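Residue strings, one per chain:
2 protein chains.
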Amino acid sequence: MLKAAVYVTMKQNVLDPQGKASQEALKALGYEEVSSVRIGKYIELKLDTNNRAEAEERVKAMCEQLLVNTVVEDYRFELTEE
Amino acid sequence: MLKAAVYVTMKQNVLDPQGKASQEALKALGYEEVSSVRIGKYIELKLDTNNRAEAEERVKAMCEQLLVNTVVEDYRFELTEE
Chain P
1304 MLKAAVYVTM
1314 KQNVLDPQGK
1324 ASQEALKALG
1334 YEEVSSVRIG
1344 KYIELKLDTN
1354 NRAEAEERVK
1364 AMCEQLLVNT
1374 VVEDYRFELT
1384 EE
Chain V
1304 MLKAAVYVTM
1314 KQNVLDPQGK
1324 ASQEALKALG
1334 YEEVSSVRIG
1344 KYIELKLDTN
1354 NRAEAEERVK
1364 AMCEQLLVNT
1374 VVEDYRFELT
1384 EE
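Those protein sequences? They're chains P and V, same order as listed. Residue 1341 in the working numbering is what sits at position 38 of the first sequence, and the numbering runs on without skipping anything. Residue 1375 in the working numbering is what sits at position 72 of the second sequence, and the numbering runs on without skipping anything.
Derived by calculation from the structure, the hints in this document are not laboratory data. Quantities reported herein were computed from a predicted structural model and do not represent experimental measurements. Keep in mind that the hints are not guaranteed to be accurate.
Put simply, identical chains are the same to the list, so a pair is met inside one copy or across any two.
[To be verified] Think about it this way: if two alpha-carbon atoms lie no more than 30 Å apart in a straight line, the pair counts; the simulated DSS-like pairs of lysine-lysine are:
(1) K1349 to K1323
(2) K1330 to K1363
(3) K1349 to K1330
(4) K1306 to K1363
(5) K1349 to K1363
(6) K1330 to K1306
Chain P on its own, in the form it takes in the complex (with noise of 0.2 Å):
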């Protein structure tokens, strides 16, 4: 058994509004220190197989396909031993 820990975080150059909005509330809560906020997915895939060179591929493509808007989101995953 494998498991994928998929982040998927915003494109740099793309308004981050719910990141924002955390900011201000954080600087609003006295939390001065805080200069950005970025709010992302955290994805958590458990997949049975121990391919890990196909697993590598499949989960590439599930995010392209499914689980990211590559279109303004990037991503990165890490695959470990379940």
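Add chain V to chain P, keeping to what the hints say.
Relative to the frame of chain P, chain V by itself:
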């Protein structure tokens, strides 16, 4: 400057409808090996400080006050030099 990477996931005993829907969609696309999908938040905070101990405390407080719903979500974070 420090960077905090915060990983927010639904508690294990809490239903994750978004994860379930993604799992069904992946299966429909032929990715039968996916046995579970859990979707959470990935938050990147940039902090204008180099005081690691203080940053540790304050990021924990930011999570529990604003960024995380501790009733249904778990979280962990990592601090790195930016």
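My question is about K1330 and K1306: at a cut-off of 30 Å on alpha-carbon distance, are they close within one copy, between copies, both, or neither?
Answer is between; shortest inter-copy Cα gap is 17 Å, intra-copy 36 Å.
Using 30 Å as the alpha-carbon threshold, which applies to K1349 and K1363: within, between, both, or neither?
Cα proximity of K1349 and K1363: in one copy and across copies (14 Å, 28 Å).
Evaluate K1306 and K1363 at a C-alpha cut-off of 30 Å and name the case that applies: within, between, both or neither.
The answer is both: 13 Å in one copy and 26 Å across copies each meet 30 Å.
Please work out whether the CA atoms of K1349 and K1323 approach to 30 Å or closer within one copy, between two copies, in both situations, or in neither?
Classified as between: cross-chain Cα gap 12 Å, same-chain 32 Å, threshold 30 Å.
Measure nothing new, just compare the shortest in-copy and cross-copy C-alpha distances for K1349 and K1330 to 30 Å and report within, between, both or neither.
between (37 Å within a copy, 13 Å between copies)
Are the CA atoms of K1330 and K1363 at most 30 Å apart within a copy, between copies, both, or neither?
So K1330 and K1363 pass the 30 Å test across copies only (15 Å; inside, 37 Å).
Checked against the numbered hints listed earlier, the structure breaks none of them; every hint is satisfied.
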